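**Student:** Go ahead and model the full structure; you've got the sequences and the hints to work with.
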Amino acid sequence: DAKTTQPTSMDCAEGRAANLPCNHSTISGNEYVYWYRQIHSQGPQYIIHGLKNNETNEMASLIITEDRKSSTLILPHATLRDTAVYYCIVRVTYDKVIFGPGTSLSVIP
Amino acid sequence: DARVTQTPRDKVTEMGQEVTMRCQPILGHNTVFWYRQTMMQGLELLAYFRNRAPLDDSGMPKDRFSAEMPDATLATLKIQPSEPRDSAVYFCASGLTGGGYGYTFGSGTRLTVV
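Residue numbers (this note's numbering), protein chains in the order written: chain A, 169 to 277; chain B, 1097 to 1210.
FYI, nobody ran anything at the bench for these hints, they're computed from the structure.
Computed from a predicted structure; not experimentally measured.
Hints may be right or wrong, so weigh each one.
Okay, derived cross-link-like pairs now, DSSO-like style, lysine-lysine, Cα gap no bigger than 30 Å in a straight line [what the hints assert, rightly or not]:
#1 A/K237 - A/K171
#2 A/K237 - A/K264
#3 A/K171 - B/K1158
#4 A/K264 - B/K1174
#5 B/K1158 - B/K1107
#6 A/K171 - A/K264
#7 A/K264 - B/K1158
#8 B/K1174 - B/K1107
#9 A/K237 - A/K220
#10 A/K264 - B/K1107
#11 B/K1158 - B/K1174
#12 A/K220 - A/K264
Under 10 Å between C-beta atoms, here's a sample of chain A residues computed to sit facing chain B [to be verified]:
#13 Y202
#14 Y204
#15 Q210
#16 G211
#17 P212
#18 Y214
#19 T247
#20 Y255
#21 K264
#22 V265
#23 I266
#24 F267
#25 G268
#26 P269
#27 G270
#28 S274
For each residue, glycine too, the CB sits at the ideal point set by N, CA and C.
**Tutor:** Right, here's the structure in full:
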């Protein structure tokens, strides 16, 4: 699996967009970018994934650069309930998920 | 919503005792994972199964840990004998290979070994 680099922590004002970056410069052509989050004391939760095109669902948007070496997860209107650790993972779809330390996002009132 | 069910939710046991954690994956999912989470190490993959066959258990201490899937609706993680350093939250997750979607995690079993 390709390695990812994420900032350790970020703050975001409530109601604003939260933009969480991830670098994955060694990503292979068949590896997808996945995002999960973990709210305190809960199990991780799948958010979104993509290969090369930008993706959007009811939770978030995923923007992947054209060279696929980095991506950004966007929470368009962050709420206090979005405070969590966000994990960026790259892998092939049939493989195991290996978690790094992630980004601890604090949404501030 | 379909869920991954883990039991027990919390377990306190004495050092040296056997501990068994159970996981009911989502019906139809063919891949099951066991993870352990501590403050120091974060989320560590212990083992995973596909179609009930173990694929990788390299993250598991072999001398005391064992993971099995007796049938498609049950995965177990056993620790014998337990040690204080095994204290952690243990998560089970399930998913569909090639489904292109993420895996679904259970709420975890919080294990405390005293």
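**Student:** Against each hint, give a clear statement of whether it holds in the structure.
**Tutor:** Hint check results:
1. Annotation: proposed proximity of A/K237 to A/K171 holds, straight-line Cα distance about 11 Å (limit 30 Å).
2. For the given pair, A/K237 sits about 21 Å from A/K264 by alpha-carbon distance, which is consistent with the 30 Å threshold.
3. With a CA separation close to 27 Å, the supplied pair A/K171 and B/K1158 stays within the 30 Å bound.
4. For a cut-off of 30 Å, the pair hint linking A/K264 to B/K1174 stands: about 21 Å separates their Cα positions.
5. The hinted pair formed by B/K1158 and B/K1107 meets the criterion: a straight-line CA distance of about 21 Å does not exceed 30 Å.
6. With a C-alpha separation of about 14 Å, the suggested pairing of A/K171 with A/K264 holds against the 30 Å cut-off.
7. Note on A/K264 and B/K1158: the hinted pairing holds, with a Cα-Cα distance of about 19 Å set against a maximum of 30 Å.
8. Between B/K1174 and B/K1107 the alpha-carbon distance is near 13 Å, which keeps this suggested pair within the 30 Å criterion.
9. Between A/K237 and A/K220 the alpha-carbon distance is near 10 Å, which keeps this suggested pair within the 30 Å criterion.
10. For the hint pairing A/K264 with B/K1107, the CA-to-CA distance comes to about 27 Å; that is within 30 Å, so the pair holds.
11. The straight-line distance between the Cα atoms of B/K1158 and B/K1174 is roughly 11 Å, inside the 30 Å bound, and the hint therefore holds.
12. Under the criterion of a C-alpha separation no larger than 30 Å, the hint pairing A/K220 with A/K264 is consistent with the structure, at around 20 Å.
13. The restraint placing A/Y202 at the interface with chain B holds, with a minimum CB-CB distance near 6 Å, inside the 10 Å limit.
14. The beta carbon of A/Y204 comes within 7 Å of a beta carbon in chain B, closer than 10 Å, and the hint placing it at the interface holds.
15. Evaluation of the A/Q210 hint against chain B yields a held restraint, the C-beta minimum of about 7 Å falling below 10 Å.
16. Look at A/G211: its Cβ gets to within about 3 Å of chain B, closer than 10 Å, so that hint holds up.
17. Because the smallest distance between the Cβ of A/P212 and any Cβ of chain B comes to about 5 Å, under 10 Å, the interface hint for this residue holds.
18. Interface hint status for A/Y214: upheld, as the beta-carbon distance to the closest one in chain B is roughly 3 Å, under 10 Å.
19. With 10 Å as the threshold, the beta carbon of A/T247 stays out of range of chain B, its nearest partner Cβ sitting at about 20 Å, so the hint is violated.
20. Annotation: A/Y255 was flagged as interfacial toward chain B, and the flag holds, the nearest CB pair being 8 Å apart, inside 10 Å.
21. Given the 10 Å rule on beta carbons, the hint for A/K264 holds: about 5 Å separates it from the nearest Cβ of chain B.
22. Taking 10 Å as the C-beta cut-off, the interface hint given for A/V265 holds, the closest approach to chain B being about 6 Å.
23. Annotation: interface hint on A/I266 holds; nearest CB of chain B at approximately 6 Å, less than 10 Å.
24. Interface restraint check for A/F267: the shortest CB-CB distance to chain B comes to about 4 Å, inside 10 Å, so the restraint holds.
25. Of the supplied interface hints, the one on A/G268 holds, with its beta-carbon coming within about 8 Å of a beta-carbon of chain B, less than 10 Å.
26. Hint status for A/P269: holds, given a least beta-carbon distance of 6 Å to chain B, under 10 Å.
27. A distance limit of 10 Å between C-beta atoms decides the matter here; for A/G270 the minimum to chain B is near 8 Å, and the interface restraint holds.
28. For A/S274, the interface hint is violated, the least distance from its beta-carbon to any beta-carbon of chain B being 18 Å, above 10 Å.
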